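Enquirer: Just so you know, the protein sequences line up as chains W and V, in that order. The first sequence: position 121 = 121 (the numbering used here), numbered continuously. The second sequence: position 312 = 312 (the numbering used here), numbered continuously.
It is worth saying that the hints were derived from the structure and are not from the lab. Worth double-checking, as some hints may not be accurate.
Cross-link-like lysine to aspartate or glutamate pairs, in silico, DMTMM-like; alpha carbons within 20 Å at most [what the hints assert, rightly or not]:
1) K134/W - D105/W
2) K164/V - E136/W
3) K164/V - E99/W
4) K157/V - E136/W
5) K82/W - D98/W
6) K135/W - E99/W
7) K168/V - D105/W
8) K82/W - E99/W
9) K19/V - E99/W
10) K135/W - E155/V
11) K134/W - E152/V
12) K164/V - D98/W
13) K157/V - E44/W
14) K19/V - E155/V
15) K157/V - E99/W
Remember, predicted model here, so these are calculated numbers, not experimental data.
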Amino acid sequence: MDKYSTVYKTAGFFRRYFAMVLDYLINMSVSFIPFLVTVFSAVESYLKSPPYFNPLSFVFPAVLLFLMPIVVFFYSWYFTHKFGGTIGKILFGLRIVDEGGVYMDKATAFWRMTAGYAVSSTFLGLGYFWAFRKKEDLTWHDRFLGTKVLTVGKPVWGIVALVLLKILFVVLVVYFIAVTLPLFLSIPSIAPVPLLGVAQPVL
Amino acid sequence: MYSTFSNINDSFKLAWKHKILWILALLLVGGMNFNSFSNASNFKGNDSKKEDPRFNNFQIENPQGVVDKITSAESGSSVLAAASVSGEVENKIPELFQGIPSINFLGILSSLVMLVPIILLVALFWCAVSFLINVWAKGAYYSGLIKASNSEPYEFKDLGSEGKRNWKRYLKLSIYFFYKRLLSVLPVFGIGLILAAVNGAGTQSNAVNVIFGILMFAAILWAFVYNIRLYFVEQFSLRSIIADNVPTKSTYKLGWKYFKTRPGKSLKLALALMLVLPICMLVVFLPTGILAGITAFLVQQEVSFVLIGFVGLLAAITGGVTIAASAPFINNVASFSWTRLFLFIRESFDDKPAADPVEFMYKPEAANGQI
Numbered sequence: 001m002d003k004y005s006t007v008y009k010t011a012g013f014f015r016r017y018f019a020m021v022l023d024y025l026i027n028m029s030v031s032f033i034p035f036l037v038t039v040f041s042a043v044e045s046y047l048k049s050p051p052y053f054n055p056l057s058f059v060f061p062a063v064l065l066f067l068m069p070i071v072v073f074f075y076s077w078y079f080t081h082k083f084g085g086t087i088g089k090i091l092f093g094l095r096i097v098d099e100g101g102v103y104m105d106k107a108t109a110f111w112r113m114t115a116g117y118a119v120s121s122t123f124l125g126l127g128y129f130w131a132f133r134k135k136e137d138l139t140w141h142d143r144f145l146g147t148k149v150l151t152v153g154k155p156v157w158g159i160v161a162l163v164l165l166k167i168l169f170v171v172l173v174v175y176f177i178a179v180t181l182p183l184f185l186s187i188p189s190i191a192p193v194p195l196l197g198v199a200q201p202v203l
Numbered sequence: 001m002y003s004t005f006s007n008i009n010d011s012f013k014l015a016w017k018h019k020i021l022w023i024l025a026l027l028l029v030g031g032m033n034f035n036s037f038s039n040a041s042n043f044k045g046n047d048s049k050k051e052d053p054r055f056n057n058f059q060i061e062n063p064q065g066v067v068d069k070i071t072s073a074e075s076g077s078s079v080l081a082a083a084s085v086s087g088e089v090e091n092k093i094p095e096l097f098q099g100i101p102s103i104n105f106l107g108i109l110s111s112l113v114m115l116v117p118i119i120l121l122v123a124l125f126w127c128a129v130s131f132l133i134n135v136w137a138k139g140a141y142y143s144g145l146i147k148a149s150n151s152e153p154y155e156f157k158d159l160g161s162e163g164k165r166n167w168k169r170y171l172k173l174s175i176y177f178f179y180k181r182l183l184s185v186l187p188v189f190g191i192g193l194i195l196a197a198v199n200g201a202g203t204q205s206n207a208v209n210v211i212f213g214i215l216m217f218a219a220i221l222w223a224f225v226y227n228i229r230l231y232f233v234e235q236f237s238l239r240s241i242i243a244d245n246v247p248t249k250s251t252y253k254l255g256w257k258y259f260k261t262r263p264g265k266s267l268k269l270a271l272a273l274m275l276v277l278p279i280c281m282l283v284v285f286l287p288t289g290i291l292a293g294i295t296a297f298l299v300q301q302e303v304s305f306v307l308i309g310f311v312g313l314l315a316a317i318t319g320g321v322t323i324a325a326s327a328p329f330i331n332n333v334a335s336f337s338w339t340r341l342f343l344f345i346r347e348s349f350d351d352k353p354a355a356d357p358v359e360f361m362y363k364p365e366a367a368n369g370q371i
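So that you can see chain W by itself, here it is in the shape it has in the complex:
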């Protein structure tokens, strides 16, 4: 795998950016969408029949909301160490290698994901834009951890996945506005409780 650092070029800012966007969309689709779906079903069941509502139905979405970022964290760590990048990066034909030209060890992958990204996020994310500065296309987290992102293939699959996920998200948003929201608005709500004998703000 040592050939990586000598044969392949470093990836430019925009390709890395779109790979990151794809990763965000993938992470969102596996964590945030299930959360929204479960929350909406819980709220719907509450609005339809309040007396039979079980508060435990809110536990699962809450657990999802809290635990999924940790799952995504470990997935990113493992994939970066094992395959040289997360799914978004792999689909865009990118691989992260260390100074020896091989995939990072676990420790370097961990520090790159945590301390490295924290470093690049300082000064309003200036560290990410540092990739524009010189020909090496290195961000601050690359410079601190001695890593680089190489282009090992064409970004076709990445672009296809990005477009498909974008379409999926647009469809979901349209579906939410056109179908789910009117459904919720049509369900009778309950007025808030004002204090007795005093004029109180009320919906």
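Position chain V relative to chain W; hints supplied.
Expert: Same frame as chain W, now just chain V:
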């Protein structure tokens, strides 16, 4: 020759020259926050709730009409219809809420019982990650400070490698100092607990209270002085990890040794920094202050909204940029000052630990100056 004034003067120059260290300084003073997005959204949520016109001065008028509407609606969707009617509230309003179902407290309680441990575990996980980032940054930062103070060349990668190499030792040292600080305040809590127990047992007497009061005061005073001394020791220990390359506990002892060698200089430097840094902050924030003053003046004069908005925006941007640049710079000035004092004290030793760390470690403690 070392002097506090020349130390601070040179530290300003070094802090300005070594801008790479600004990044790490910002990381250490809290420039990065895992939870920033959720905080922002929470803030927005609270704000929008405050500004929601439905929550302001919305009163029910004609309550009799409300009650009539409810009683006529009888079942099902009557509550919402009733709420939409306006009128002033009187004691008859309870009839409005008869249709609200009772709250399932057991369900809510069991949900909380299930959720709270998960939330705590998740919070603990992210705290641990933040703490690890902090100790990594310490390793990189103090290595950079010492190299810069010694005029040695270094790059991003050198600092990152030092962070990776030393994070465990900084982790141990942080825990060690936390433990020492905790121990220092335990007597205060202990005396308070005994006093509460004595008073609770019914044997209240003024003499006992006075004795415990004196004891409490003495304990607080001791904890205060000890923690100030511990701060100085920490400054030296943090640098000693990189410079002396000895185990964590020895680093702590070395910190005490460095402090006790020149306690006056440490105190002088701390006081000088307390005087100089706020003045420096005032100077740096002067443009922001002037712009904010102009904005306030314009508001008072009731000039056009566009002009006020423009000057206000300019003040906000200037303030933001000033904070982003001055926080790490000021932090670097203080850190360089302590590093230079540390290097000065260290050079004054006859027996330098870094000359042969192994031999140093195997010497009796009295011989290597740890006692």
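Enquirer: Taking the hints in turn, state whether each one holds.
Expert: Checked hints:
no. : hint            : result
1   : K134/W - D105/W : violated (26 Å)
2   : K164/V - E136/W : violated (23 Å)
3   : K164/V - E99/W  : holds (15 Å)
4   : K157/V - E136/W : holds (14 Å)
5   : K82/W - D98/W   : holds (13 Å)
6   : K135/W - E99/W  : holds (17 Å)
7   : K168/V - D105/W : holds (18 Å)
8   : K82/W - E99/W   : holds (16 Å)
9   : K19/V - E99/W   : violated (24 Å)
10  : K135/W - E155/V : holds (17 Å)
11  : K134/W - E152/V : violated (24 Å)
12  : K164/V - D98/W  : holds (14 Å)
13  : K157/V - E44/W  : violated (54 Å)
14  : K19/V - E155/V  : holds (11 Å)
15  : K157/V - E99/W  : holds (10 Å)
The earlier numbered hints that this structure contradicts are 1, 2, 9, 11 and 13.
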